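Participant: For reference, the chains in residue letters:
2 protein chains.
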Amino acid sequence: MNSDSRHHVVILGGGFGGLYAAKSLRDPGIRVTLVDRRNYHLFQPLLYQVATGSLSPANIAAPLRAIFARQRNVEVLMAEVSDVDVAGRRLILSDGEIGYDTLVVAAGAGHHYFGHDEWMPIAPGLKSIEDATRIRRRVLSAFEHAEREPDPARREVWLTFVLVGGGPTGVELAGAIAEIARYTLKGNFRHIDPASARIVLLEGSDRVLPAYPPDLSAKARRALEKMGVIVCTSARVVDIQPDSVTYATNGDTERIATRTVLWAAGVKSSPLGESLAKRTGAERDRLGRLVVEPDLTLPGYPEILVIGDLAHVKDADGKPLPAVAQPAIQEGMYAARLIRNRLRGVPTPPFRYHNKGNMATIGRAAAVADLGWLRFDGVVAWLAWLFVHLLYLIGFGNRLLVLMQWGYSYITRNRAARLIVGYDDAGPGN
Amino acid sequence: MNSDSRHHVVILGGGFGGLYAAKSLRDPGIRVTLVDRRNYHLFQPLLYQVATGSLSPANIAAPLRAIFARQRNVEVLMAEVSDVDVAGRRLILSDGEIGYDTLVVAAGAGHHYFGHDEWMPIAPGLKSIEDATRIRRRVLSAFEHAEREPDPARREVWLTFVLVGGGPTGVELAGAIAEIARYTLKGNFRHIDPASARIVLLEGSDRVLPAYPPDLSAKARRALEKMGVIVCTSARVVDIQPDSVTYATNGDTERIATRTVLWAAGVKSSPLGESLAKRTGAERDRLGRLVVEPDLTLPGYPEILVIGDLAHVKDADGKPLPAVAQPAIQEGMYAARLIRNRLRGVPTPPFRYHNKGNMATIGRAAAVADLGWLRFDGVVAWLAWLFVHLLYLIGFGNRLLVLMQWGYSYITRNRAARLIVGYDDAGPGN
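Those protein sequence lines, which keep their order, are chains A and B.
Each residue of the first sequence is one higher than the one before, counting from 1 in my numbering.
Each residue of the second sequence is one higher than the one before, counting from 431 in my numbering.
Worth double-checking, as some hints may not be accurate.
[As the list claims (entries may be wrong)] So, partial list: chain A residues that the calculated Cβ filter (under 10 Å) puts toward chain B: (1) 66; (2) 68; (3) 86; (4) 127; (5) 128; (6) 133.
Because the hints were derived from the structure by calculation, they are not lab data.
Please read all numbers here as calculations on a predicted model, not as lab measurements.
For each residue, glycine too, the CB sits at the ideal point set by N, CA and C.
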């Protein structure tokens with residue numbers, strides 16, 4: 001938009017990767033444009049708490065313009081990117097274009113329905129605020145339907161919740177829904193007992209939290225079962241209908257009658273990855289992520305860096321890094337360092353991931369943590385999870401308010417944000 | 431749904447009137463069913479703060495089931511009411527029906543576009559959470575569009591905001607948008623100065639806050655003008671287009687080029703009022719409200735009471751009560767007393783409204799208050815407004831969180847909830 005002689009870095013995406021890249025490019029000699037179709041950064045690790053009514057969207061989202069109000073070399077552009085012209089070094093927007101000297105692609109990921117996109121409207125995933133309010137609406141509406149359903153068999157179908165995917169999101173959602181059913185909604189209904197709800201977690205591999213060490217997986221499973229969640233491992237979903245989900249397990253096929261299926265089974269890189277691969281000849285892994293050089297650039301295109309969920313980056317053991325916040329943050333900071341070094345003519349060693357550990361909550365005061373050198377669970381893991389997540393929440397106000405809200409929810413087991421808002425979507429019966 | 435011999439009171443609507451009626455019917459001998467299509471009670475006086483990004487929807491909404499969890503004689507039914515069968519004494523729901531012994535109709539009001547329903551999609555009103563997030567999206571998106579608009583004239587059009595209606599909602603919205611433009615968005619943009627936004631308030635009568643004494647109207651006008659709001663009184667809107675609003679004033683016609691018009695000009699009783707009038711022969715006033723007997727019953731139908739925005743009730747001077755919270759609350763409590771008295775065979779004197787005063791905020795630490803015996807403005811009025819609104823917020827947790835959020839917003843002039851969420855609607859260019 002404006003034209004000056006400074007090196008122009010365009011960052012595509014205001015998630016963890018893009019945000020930390022822009023924050024680390026605090027250098028008046030560099031002009032940064034951060035492009036996102038949202039006007040806010042979303043703290044995705046807490047999104048399941050919005051979906052289950054503990055937090056409001058504003059608690060976990062910070063306006064990008066506010067974050068960069070005082071970093072004058074950053075310009076935020078709210079726009080939809082449709083393509084990259086790699087030869088002409090410009091981004092094609094839905095309503096314009098923007099040139100770059102260096103491009104940092106941090107466009108993130110969408111849901112991966114493993115070739116069954118017809119499941120998408122039936123089994124919503126959890127990536128955006130709109131997803132979260134949709135899931136909240138679906139879960140709460142199911143209890144409302146059950147309350148009004150005179151037929152006991154059909155009532156049971158409304159009171160059955162199936163989560164597909166036993167990774168952190170699936171585990172956290174299952175735990176939170178169990179809490180809602182057993183505590184939050186206690187006494188709220190006159191014809192049903194919400195605590196009688198069946199919550200089923202289906203995981204394709206042989207244990208929940210497969211990215212964690214086996215002993216923590218076992219602990220997470222026990223914690224879930226103690227909360228009343230039915231955990232089915234080695235269960236591969238083969239069909240989802242508006243009133244059922246069918247899965248294959250040990251050669252057999254089982255069918256669960258349910259009106260509420262939530263998808264937490266996998267992410268797939270954004271459509272932009274496909275276009276970028278086509279234009280640059282870059283290789284993609286089976287999740288559609290772009291395989292990058294050790295310095296996170298695209299092969300043959302040193303001016304294009306790919307970070308976050310869209311990048312296939314290997315750790316020290318040669319395993320690809322998971323699509324979570326920590327790798328994205330570190331890659332964003334690395335990208336900024338590489339760009340600054342280049343402009344100064346200084347070489348940068350290849351990117352190395354420092355695993356600070358993994359954590360997942362299961363419910364009220366229950367969590368598992370794996371710091372590599374230390375594994376723990378229970379209340380201590382939960383407090384650690386709380387602390388780390390508060391630490392990373394962008395914006396002091398948010399942090400304080402979220403802590404207040406947590407404290408209040410914890411003491412009262414209330415979930416103030418359990419509102420059914422928005423208009424009905426394609427969901428079954430909603 | 432269940433059948434017992436207790437007197438069955440059905441309350442239609444969980445706004446202020448319905449809520450206070452149900453709460454005042456705490457009597458195990460009476461069975462109460464509260465029907466609402468929402469699962470929450472909405473604290474409407476603070477809705478403009480959601481629209482302008484100061485509060486989250488959950489801060490001003492409380493789940494109805496939670497409110498009545500411990501009042502066991504109340505059953506909450508989330509359902510859409512399509513009609514009333516007054517002869518058969520039953521409510522017709524969109525998916526069933528429900529009989530009543532006494533019916534309390536507190537169905538509220540919608541927007542009143544004075545016969546110009548084609549303005550509705552262009553100039554959204556503020557009655558629901560969805561309305562509030564839509565207005566928030568429209569206002570914030572206008573600044574985003576202005577930032578990207580290279581043409582200065584078109585940019586100015588994006589930076590022009592017009593509020594139709596100078597009642598409390600219009601005044602509060604105008605003040606809040608002025609604050610956003612002058613303080614909240616400061617430094618957020620690189621190509622526009624948000625403080626250059628023009629905020630125009632159009633009021634049809636000869637002063638803002640026409641329901642208040644003239645001296646408070648004058649003070650409110652001065653406070654608005656000090657914040658940069660352009661106040662046009664005796665201005666009657668004659669046309670709204672996606673890029674302009676036209677109004678007649680003193681025989682002339684003026685046109686304002688704008689992309690953002692917000693509607694705060696009037697409410698009209700819910701469509702159910704029309705149907706009820708047809709079936710009972712009840713008279714309606716020009717806003718569609720049902721004219722009730724001194725005991726709030728429909729003429730000839732002592733078992734049907736109408737309260738809140740749907741009821742035309744006169745005060746001691748013979749003037750109809752305004753469509754705000756206080757009359758609705760008092761009418762709800764009166765309805766409950768009447769029902770309890772009747773069952774005991776005790777007569778109830780006619781309804782009498784006790785005016786506890788009116789208050790409206792204009793912005794940061796500015797408000798006007800009229801208590802009848804005392805009028806004041808400025809910081810004191812603002813603190814009084816704060817206190818009264820916190821007092822009436824349902825649910826202790828909400829109160830504390832809202833106070834925290836206010837404190838934080840006040841100190842930092844930040845508006846954490848300024849998120850553009852949801853999908854684009856019929857609004858111009860959004």
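Participant: Next step is simple, just say for each hint if it's right about the structure.
Facilitator: Quick rundown of the hints versus the structure:
1. Annotation: residue 66 of chain A was flagged as interfacial toward chain B, and the flag holds, the nearest CB pair being 6 Å apart, inside 10 Å.
2. Below 10 Å, beta-carbon pairs count as interface contacts, and residue 68 of chain A has one with chain B at about 8 Å; its hint therefore holds.
3. With a least beta-carbon distance of about 24 Å to chain B, the hint placing residue 86 of chain A at the interface is violated under the 10 Å criterion.
4. The interface hint given for residue 127 of chain A is broken, as the beta carbon of that residue sits about 13 Å from the closest beta carbon of chain B, more than 10 Å.
5. Restraint check, residue 128 of chain A versus chain B: the minimum CB separation of about 9 Å is within 10 Å; hint holds.
6. With a least beta-carbon distance of about 8 Å to chain B, the hint placing residue 133 of chain A at the interface is held under the 10 Å criterion.
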